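> Chain by chain, the residues run as shown.
2 protein chains.
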Amino acid sequence: MSSGKILVAQGGGPTAVINQSMVGVALEARRFNHVTRVYGALHGVRGIVDENFVDLTQETSHNLELVASTPSSALGSTRDKPDIAYCQEIFKVLRAHEIEHFFYIGGNDSSDTVRIVSLEAAKAGYPLRCIHIPKTIDNDLVGNDHTPGFPSAARFVAQAFAGANLDNAALPGVYVGVVMGRHAGFLTAASALGKKFPDDGPHLIYLPERTFVLEQFLADVKATYARHGRCVIAVSEGIHDASGEPIASLLAREVERDDHGNVQLSGTGALADLLCDEIKAKLGIKRVRGDTFGYLQRSFIGCVSDVDQREAREVGEKAVQFAMWGDRDGSVAIKRTGYYSVDYELLPLEAVAGKTRVMEDEFISASGTDVTDAFRLYLRPLLGSGMPDAFRLRTAPVPKILKKN
Amino acid sequence: MSSGKILVAQGGGPTAVINQSMVGVALEARRFNHVTRVYGALHGVRGIVDENFVDLTQETSHNLELVASTPSSALGSTRDKPDIAYCQEIFKVLRAHEIEHFFYIGGNDSSDTVRIVSLEAAKAGYPLRCIHIPKTIDNDLVGNDHTPGFPSAARFVAQAFAGANLDNAALPGVYVGVVMGRHAGFLTAASALGKKFPDDGPHLIYLPERTFVLEQFLADVKATYARHGRCVIAVSEGIHDASGEPIASLLAREVERDDHGNVQLSGTGALADLLCDEIKAKLGIKRVRGDTFGYLQRSFIGCVSDVDQREAREVGEKAVQFAMWGDRDGSVAIKRTGYYSVDYELLPLEAVAGKTRVMEDEFISASGTDVTDAFRLYLRPLLGSGMPDAFRLRTAPVPKILKKN
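Chains as they are written, first to last, in numbering that gives the first Met the number 0: chain A, 0 to 404; chain B, 0 to 404.
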């Protein structure tokens with residue numbers, strides 16, 4: 000006999016559209032007659048273990064729609080990564096509540112959580128359908144053309160650099176903008192979409208897919224500054240030396256690691272400051288400024304791609320449909336089918352979990368400090384409609400009178 | 000005999016709407032029959048001395064409108080502050096080009112430049128009408144209800160904190176956001192407009208109008224964290240100790256000063272990092288994150304107040320009208336006449352130049368770490384239409400089964 004209870008949770012870093020996926024699950028599930036309850040776990044798998052559930056079935060559709068358009072994880076999130084013992088706790092709770100379908104919205108770590116829970120459920124003989132719903136601003140899930148959350152964050156980065164470029168043109172100097180992305184440079188590369196005119200910044204882009212050599216960096220900045228009288232630089236927080244050591248951690252006073260063994264890269268301005276100090280000291284340029292976009296790039300309210308919103312909703316809806324009409328666990332993935340159109344498929348969990356996609360070589364220029372037109376074509380439709388545009392004066396110079404020679 | 004030539008320039012830090020004022024001057028001036036040329040000086044007073052002018056009269060109205068909606072200073076800006084010798088150079092150039100009206104868009108330093116140029120012109124017996132047009136995200140010009148550029152930057156800050164609060168609620172911890180503002184806390188205080196629910200952040204706001212005491216700060220954070228399980232903090236880059244020494248400069252490795260003797264506060268993440276380190280070390284809270292909003296808050300393309308755009312355009316138009324219909328130099332000022340309505344007046348240059356407005360006491364709560372309702376009423380209409388809103392789930396908790404005690 001079916002209990003008709005499903006559970007949805009959100010894991011990892013919040014995004015601008017992760018609530019679209021949660022609401023997609025909640026509203027689509029309620030269209031199936033045998034679904035009696037849609038529970039949400041507060042703060043991801045931690046909320047399951049702690050038995051902290053809310054009943055989304057008692058929420059109005061109207062408010063669910065409003066929450067869908069609100070950034071960050073409305074159910075709360077977690078960085079916990081369940082081990083076997085943790086998963087056994089999860090089972091106890093799910094069994095006690097007669098949960099039949101588990102939907103977990105998240106990135107790499109969350110997909111691995113779903114994989115482990117799925118395996119543990121199978122081992123325990125507990126009939127639990129487990130579906131992972133993709134989400135990450137890093138765009139680093141394999142098997143996906145792109146991941147929900149990335150387009151909106153990319154839009155923020157592109158808009159930020161479009162504005163920073165204008166500011167830098169007005170008060171020339173060197174500007175370093177540090178962008179999130181531990182292993183994958185997609186989000187940093189999105190800075191290139193803020194360019195309009197050939198001399199616009201970012202003039203240099205440093206990605207974790209390429210080894211960062213400080214001397215080469217300084218030579219690049221020097222050459223660009225000589226050519227344009229200014230230099231706008233996009234840097235991934237994940238840039239590393241030849242040994243793989245993050246440049247950021249080389250100077251961190253206290254390296255902080257999370258439960259997954261990852262060094263903290265975000266939430267500190269140290270990398271930007273180090274690079275600015277190097278430029279000032281070695282190149283003798285006076286006006287050098289660094290910004291670290293930090294949490295703004297994933298949480299800023301009011302900067303979102305409508306394409307991202309639509310797709311994030313759809314992966315939530317499709318997750319329910321795959322669960323209800325299909326017969327296997329898996330991870331929902333986005334496939335590009337046109338320019339621009341997408342469809343969705345269900346990949347085996349082990350094909351996605353724990354794997355990291357990085358930028359394909361065809362997306363990175365030979366110089367290693369720019370993106371290719373292939374990347375521009377790839378990203379542009381994801382940014383959505385209504386991208387703000389930058390315009391320049393095209394006025395005639397006035398002939399000099401005193402200094403006419 | 001009249002040459003019919005006017006000159007407009009932009010000084011100081013760019014804003015989201017400073018081009019509205021420049022275009023306001025250019026388009027309004029062309030409606031006066033005796034105006035033959037509208038010149039723009041590239042990079043402020045530096046462009047005058049270097050005789051780098053462009054002819055805005057040869058620009059299309061259509062493109063001027065598009066430039067008006069583009070952030071940053073389309074003519075370029077400067078941090079130069081003219082002394083007597085510098086002003087004599089300016090006169091030579093203005094006289095050679097038969098410039099009759101000089102419009103300079105800028106903040107405190109720029110208004111002082113206009114004052115000096117006006118005095119030098121009078122001393123030299125050169126008939127030059129000098130009008131200062133207000134612009135500063137710091138909102139620190141005296142005699143103005145508020146200044147163009149501030150509302151859009153305030154909107155960015157409010158939206159940033161609305162998003163950061165949602166992110167912090169999803170993954171609880173301490174979040175420190177550092178906001179621009181050397182002496183005036185208006186922009187930092189704008190973070191309060193990102194709050195919707197009583198337990199939303201920012202929970203604590205630190206302004207340069209109040210002495211910053213590290214021990215009290217830590218006690219405030221500890222108490223907030225104990226109450227909410229998290230804490231979102233807005234900090235002005237200009238916070239200082241009892242002696243007036245900026246907290247940021249207490250830890251700066253190399254203090255950089257600009258030509259006005261100001262210590263560089265922006266373009267570095269040091270203050271946020273210091274405060275985060277203190278919280279981690281003294282309070283033992285693990286998840287502590289700091290962001291420095293940096294140049295994004297004044298340059299981000301796509302975050303603008305329509306009220307700000309309108310008023311920035313009008314101060315440019317009114318500057319021309321005051322120059323043409325009036326008989327004295329001065330500084331255009333915004334007066335609030337209703338809720339919400341404004342009018343404009345021309346203040347004497349010496350009433351504005353070189354003076355700094357700070358937040359009025361009535362805008363700061365008795366605790367010193369929050370704003371008052373008077374401030375909320377003051378700021379809200381300035382933020383403009385279409386402010387994004389944040390919504391929450393209101394779902395019912397599900398009774399626990401295993402942990403029902």
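Just so you know, these hints were derived from the structure itself, not from any lab.
Be aware that one or more of the hints could be misleading.
In silico contact screen, one side only, chain A against chain B (beta carbon under 10 Å); selected entries [as the list claims (entries may be wrong)]:
no.	residue
1	17
2	51
3	76
4	80
5	82
6	171
7	212
8	218
9	349
10	350
Computed spacing ranges between beta-carbons, pair by pair [to be verified]:
no.	chain 1	residue 1	chain 2	residue 2	range
11	B	401	A	349	23 to 33 Å
12	A	393	B	344	31 to 41 Å
13	A	91	B	361	37 to 47 Å
14	B	30	A	279	16 to 26 Å
15	B	393	A	124	54 to 64 Å
16	A	279	B	244	14 to 24 Å
17	A	61	B	353	17 to 27 Å
18	B	323	A	226	25 to 35 Å
19	A	305	B	305	40 to 50 Å
20	B	323	A	401	38 to 48 Å
21	B	395	A	1	32 to 42 Å
Listed next, the in silico DSSO-like pairs over lysine-lysine satisfying Cα-Cα at most 27 Å (straight line) [said to hold, decoys possible]:
no.	chain 1	residue 1	chain 2	residue 2
22	A	334	A	354
23	B	403	A	80
24	A	91	B	402
25	A	80	B	80
These figures come from a predicted structure and were not determined experimentally.
All residues carry an ideal CB built from backbone N, CA and C; glycine is no exception.
> Does each hint hold? Answer for all of them.
Status of the hints after comparison with the structure:
Hint status for residue 17/A relative to chain B: holds, with the closest Cβ pair at about 9 Å, below 10 Å. With 10 Å as the threshold, the beta carbon of residue 51/A comes within range of chain B, its nearest partner Cβ sitting at about 8 Å, so the hint holds. Hint status for residue 76/A relative to chain B: holds, with the closest Cβ pair at about 4 Å, below 10 Å. Taking 10 Å as the C-beta contact cut-off toward chain B, the hint placing residue 80/A at the interface is violated, the least distance being around 14 Å.
The beta carbon of residue 82/A is not positioned within 10 Å of any beta carbon in chain B (closest approach about 20 Å), and the interface hint is therefore violated. Because the beta carbon of residue 171/A sits about 8 Å from the nearest beta carbon in chain B, less than 10 Å, this interface hint is met. Given hint, residue 212/A at the interface with chain B, is violated; its Cβ is 23 Å from that chain's nearest Cβ, farther than 10 Å. The criterion of a C-beta within 10 Å of any C-beta in chain B is not met by residue 218/A, whose closest approach is roughly 23 Å, and the hint is violated.
With a cut of 10 Å, the hint placing residue 349/A at the interface with chain B is violated, because the nearest CB-to-CB distance is about 27 Å. Because the closest C-beta pair between residue 350/A and chain B is about 28 Å apart, greater than 10 Å, the hint is violated. The hint said 23 to 33 Å for the Cβ distance between residue 401/B and residue 349/A, and at roughly 30 Å that hint holds. Here the CB-CB span from residue 393/A to residue 344/B is close to 35 Å, well matched to the stated 31 to 41 Å.
Remark: the range hint 37 to 47 Å for residue 91/A to residue 361/B is contradicted by a beta-carbon distance near 57 Å. For the hinted restraint 16 to 26 Å between residue 30/B and residue 279/A, the CB-CB distance of approximately 47 Å leaves it violated. Our hint of 54 to 64 Å for residue 393/B and residue 124/A is violated, since their Cβ atoms are close to 37 Å apart. Evaluation of the 14 to 24 Å hint for residue 279/A and residue 244/B yields a pass: the beta carbon distance comes to about 23 Å.
Between residue 61/A and residue 353/B the beta carbons are some 54 Å apart, a value that contradicts the proposed interval 17 to 27 Å. Look at residue 323/B against residue 226/A: about 43 Å separates their beta carbons, and that is not inside 25 to 35 Å. The hinted window of 40 to 50 Å between residue 305/A and residue 305/B is violated, with their beta carbons roughly 20 Å apart. For the hinted restraint 38 to 48 Å between residue 323/B and residue 401/A, the CB-CB distance of approximately 28 Å leaves it violated.
For the pair residue 395/B and residue 1/A, the beta carbons lie near 22 Å from each other, so the given range of 32 to 42 Å is not met. With a CA separation close to 18 Å, the supplied pair residue 334/A and residue 354/A stays within the 27 Å bound. For the suggested pair residue 403/B and residue 80/A, the alpha carbons sit about 25 Å apart, so the restraint of at most 27 Å is met. With a C-alpha separation of about 11 Å, the suggested pair residue 91/A and residue 402/B falls inside the 27 Å cut-off, and the hint holds.
For the hint pairing residue 80/A with residue 80/B, the CA-to-CA distance comes to about 57 Å; that exceeds 27 Å, so the pair is violated.
Hints 4, 5, 7, 8, 9, 10, 13, 14, 15, 17, 18, 19, 20, 21, 25 from the list above are not met by this structure, while the remaining hints are.
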